[in-house]
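My request is simple: use the sequences and hints to build the entire structure.
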Amino acid sequence: MNPSNFIARHVAALPKSGIRDFFELVAKLKGQDVISLGVGEPDFVTPWHIREAAIYALEKGKTYYTSNLGLIELRRAIAKYVEEHFGVSYRPEDQVIVTVGVSEALDLACRAFINPGDKVMFHQPCYVSYSPSVVLAHGTAIAVPTYAKDNFALTAEALRAAWQPGARMLMLNLPCNPTGGTCSREQLEKIAEFCREKDLLVLTDEIYSELTFEGTHTSIASLPGMAERTIFLHGFSKAFAMTGWRIGYACGPAALIDAMMKVHQYSMLCASIIAQEAALEALLRGWDSVLKMREQYHRRRDLIVRRFNEIGLKCHSPRGSFYAFPDVSVTGLTEKDFATNLLTQQKVAVVPGIAFGENGKGHVRACFATSYEQLIVACDRIEKFVSGVRR
Amino acid sequence: MNPVLKLLLEGGSLTTAQMAQVAGLSVAQVEQHLEQLKKDKIFLGWHPVLDLSREAGAAAAVRAVIEVKVTPERGGGFNRLAERIARFDEVESCYLMSGGFDLLVFVHEPSLQKVAAFVSERLSTIEGVLSTSTHFMLRCYKEQGFLLDGGEAPTTRLNVAP
Numbered sequence: 001m002n003p004s005n006f007i008a009r010h011v012a013a014l015p016k017s018g019i020r021d022f023f024e025l026v027a028k029l030k031g032q033d034v035i036s037l038g039v040g041e042p043d044f045v046t047p048w049h050i051r052e053a054a055i056y057a058l059e060k061g062k063t064y065y066t067s068n069l070g071l072i073e074l075r076r077a078i079a080k081y082v083e084e085h086f087g088v089s090y091r092p093e094d095q096v097i098v099t100v101g102v103s104e105a106l107d108l109a110c111r112a113f114i115n116p117g118d119k120v121m122f123h124q125p126c127y128v129s130y131s132p133s134v135v136l137a138h139g140t141a142i143a144v145p146t147y148a149k150d151n152f153a154l155t156a157e158a159l160r161a162a163w164q165p166g167a168r169m170l171m172l173n174l175p176c177n178p179t180g181g182t183c184s185r186e187q188l189e190k191i192a193e194f195c196r197e198k199d200l201l202v203l204t205d206e207i208y209s210e211l212t213f214e215g216t217h218t219s220i221a222s223l224p225g226m227a228e229r230t231i232f233l234h235g236f237s238k239a240f241a242m243t244g245w246r247i248g249y250a251c252g253p254a255a256l257i258d259a260m261m262k263v264h265q266y267s268m269l270c271a272s273i274i275a276q277e278a279a280l281e282a283l284l285r286g287w288d289s290v291l292k293m294r295e296q297y298h299r300r301r302d303l304i305v306r307r308f309n310e311i312g313l314k315c316h317s318p319r320g321s322f323y324a325f326p327d328v329s330v331t332g333l334t335e336k337d338f339a340t341n342l343l344t345q346q347k348v349a350v351v352p353g354i355a356f357g358e359n360g361k362g363h364v365r366a367c368f369a370t371s372y373e374q375l376i377v378a379c380d381r382i383e384k385f386v387s388g389v390r391r
Numbered sequence: 001m002n003p004v005l006k007l008l009l010e011g012g013s014l015t016t017a018q019m020a021q022v023a024g025l026s027v028a029q030v031e032q033h034l035e036q037l038k039k040d041k042i043f044l045g046w047h048p049v050l051d052l053s054r055e056a057g058a059a060a061a062v063r064a065v066i067e068v069k070v071t072p073e074r075g076g077g078f079n080r081l082a083e084r085i086a087r088f089d090e091v092e093s094c095y096l097m098s099g100g101f102d103l104l105v106f107v108h109e110p111s112l113q114k115v116a117a118f119v120s121e122r123l124s125t126i127e128g129v130l131s132t133s134t135h136f137m138l139r140c141y142k143e144q145g146f147l148l149d150g151g152e153a154p155t156t157r158l159n160v161a162p
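Going line by line, the protein sequences match chains A and B.
Under the numbering used here, read the first sequence as residues 1 to 391, first letter to last.
Under the numbering used here, read the second sequence as residues 1 to 162, first letter to last.
Be a bit skeptical, because a hint or two may be false.
[As the list claims (entries may be wrong)] Simulated crosslink set (DSBU-like; lysine-lysine; CA at most 30 Å straight-line): (1) A:Lys-60 - B:Lys-39; (2) B:Lys-39 - A:Lys-292; (3) B:Lys-142 - A:Lys-292; (4) A:Lys-314 - A:Lys-262; (5) B:Lys-38 - B:Lys-114.
Hints are computed from structural coordinates only; laboratory data are not their basis.
As C-alpha cells, this is what we get:
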C-alpha cells in the first residue's frame with residue numbers, strides 16, 4: 001500500500017515552496033557564522049508594552065473563545081485605524097473579521113469567493129502563498145508579470161495583457177514581498193478602472209503599508225467605487241513586529257465578510273484571544289514603536305541598496321517593505337547558483353527570486369530587517385563573492 | 001538634523017566606520033560631524049554602560065541618590081550651588097528637580113563610608129545646603145536603556161522564511 005495514494009490530487013500536484021528547499025540548505029550550515037538576509041520578518045522583538053498587555057490579559061483570565069469575528073473592542077480599533085491610515089470606513093459590527101494572520105484571511109477569501117475553475121489574477125514575483133491558495137480553493141491562478149524596469153509596480157497594461165475570460169478576482173500585495181514594489185496613486189487608479197471594467201473582486205494584502213518610505217501609501221480600497229468590490233487584508237506582523245502572534249484581519253462589504261466568516265467559523269472558529277488582546281494594545285498605543293522601527297528600516301534600505309549598486313548588482317530602491325531585490329544576472333550565475341554559492345562560500349543567506357515565481361528569475365531577495373552591523377558585514381561578503389565570480 | 005546625531009540617538013554602538021556606511025558618508029565626514037557636535041557641546045563624550053556585579057575583579061561600589069534642599073539665591077537661583085556640587089568627582093549626575101526637594105545628586109563611591117563622608121563632610125557643609133536625604137541603591141535592573149539580566153532571550157528567528 002502506498003500512503004501517498006490518500007493525498008488529494010490537487011495537493012499532491014502542488015509544489016512545495018522553493019523557500020523550503022533553501023531553508024534546509026541553510027539549516028545544514030548550523031553553527032557556522034551565517035548572516036541571514038533570508039528572513040521574512042522584523043528583527044525587532046514585539047514592543048514590550050504589547051507583550052505586557054498579553055501577559056496582563058492572561059493574568060486576568062482571558063482564556064476563552066471570542067466572537068467569531070473577533071473581540072468587538074479590537075474590531076472597533078481596527079476600523080478606526082483603517083479609516084485614519086487608509087481613508088476607508090468599515091463598520092466594526094459586520095465589516096471587519098479578525099483572522100489568524102493575513103494568511104488565514106487570504107485562505108478564507110479564496111474559499112469563500114472562488115468557484116471551482118474560476119480564474120484569479122495575481123502579480124508575480126510575489127509572496128509564496130498566493131497561487132497555492134487559489135489552487136487549494138480549486139481555482140486557476142493567472143500570473144501577471146511585474147518588471148524591474150517599472151520598479152516592480154503592477155501596471156494596468158500588464159493586467160490587460162494577462163487577462164482571460166472567466167477571471168473573477170485580482171490579488172494585490174503592495175508594497176510587495178519580495179520586490180518592495182508599490183504603485184503610485186495614478187497607477188492604482190488605472191488598475192481600479194480595469195477591475196471595474198472587468199467586474200473583478202480585489203483582494204488587497206497591505207501588510208507592508210506602514211513600511212512605505214517615500215510618499216504616502218494609497219489603498220485601492222480608498223479609490224472611488226472600489227470599497228464595494230475590495231477585501232482589504234492587513235495584519236500586525238510586519239509593522240508591529242508581531243509575526244509569531246499570527247494575527248490579522250479582513251475588511252470589506254458586509255455580505256463578503258459574512259461569507260468569509262462562515263468558513264472561519266467552521267475552521268478556525270476565532271483567532272487566539274491573547275493575540276487579539278495584544279493586537280488591541282498595538283493599535284491603541286503602538287504607533288510610536290512603528291515609526292521608530294520604520295526609521296531604522298529606511299536607513300537600512302538606503303545602506304543595502306547603495307551597497308548592492310556599488311557592488312555592481314543593479315538594485316532599485318524599494319519604496320516599501322523590508323526587502324531589496326537586486327538583479328544578479330551580471331555575475332553570469334542563475335539566481336539559484338548565486339544564492340547557493342554565496343551561502344557556501346561567504347555564509348550569507350539570500351533567497352533566490354525564482355522561489356517567488358518565474359518572474360523572479362535573475363534576482364535574489366535580501367531582507368534588510370537585520371542590524372546595521374550585520375548588514376555591513378553581509379554586504380562586504382557579497383562584494384567579495386561577486387568580485388570573485390567576475391574574475 | 002546632523003545625520004551622525006540621528007544615529008547616536010538610536011542608541012546603538014556603531015564605530016565611526018559603520019556610521020559612515022549607514023549614513024552613506026565617508027569616515028572623515030562622520031568624524032567632522034562628531035567634531036562639530038562636540039564644538040556645539042551637544043555631544044559630550046562616550047561612556048560605557050557596565051554591569052560590574054558580573055566582574056569578580058571589579059572593586060565593590062556603592063551608588064546612592066541624594067535629595068538636597070538648598071537656599072536659592074537672588075540672581076542665580078539654584079545654579080551656582082548646583083554647579084558647585086556637580087563639580088565633585090564623586091557626583092555622577094546632578095539635576096534640579098520639581099517637588100519636595102531641589103537637587104537630585106547621583107554619587108558613586110567604593111564604599112558606604114566614602115558616600116557617608118562625602119555627604120556629611122562636603123555636601124551638607126556647603127553654605128546654602130539646608131538638608132540632605134541619602135538613599136542607597138540595592139540592585140539595578142535596567143541601566144540607561146540596557147536590561148541587566150540579558151534582556152531578550154537569544155533570537156529564535158528562522159534563517160529563511162517566506
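Structure-based check of each hint:
Under the criterion of a C-alpha separation no larger than 30 Å, the hint pairing A:Lys-60 with B:Lys-39 is inconsistent with the structure, at around 54 Å. Proposed proximity of B:Lys-39 and A:Lys-292 is supported: the alpha carbons are some 28 Å apart, at most 30 Å. With a C-alpha separation of about 21 Å, the suggested pairing of B:Lys-142 with A:Lys-292 holds against the 30 Å cut-off. Annotation: proposed proximity of A:Lys-314 to A:Lys-262 is violated, straight-line Cα distance about 47 Å (limit 30 Å).
A threshold of 30 Å between alpha carbons decides the hint, and for B:Lys-38 with B:Lys-114 the separation of about 33 Å lies outside it, so the pair is violated.
Of the hints listed earlier, those the structure fails to meet are numbers 1, 4, 5, in rising order.
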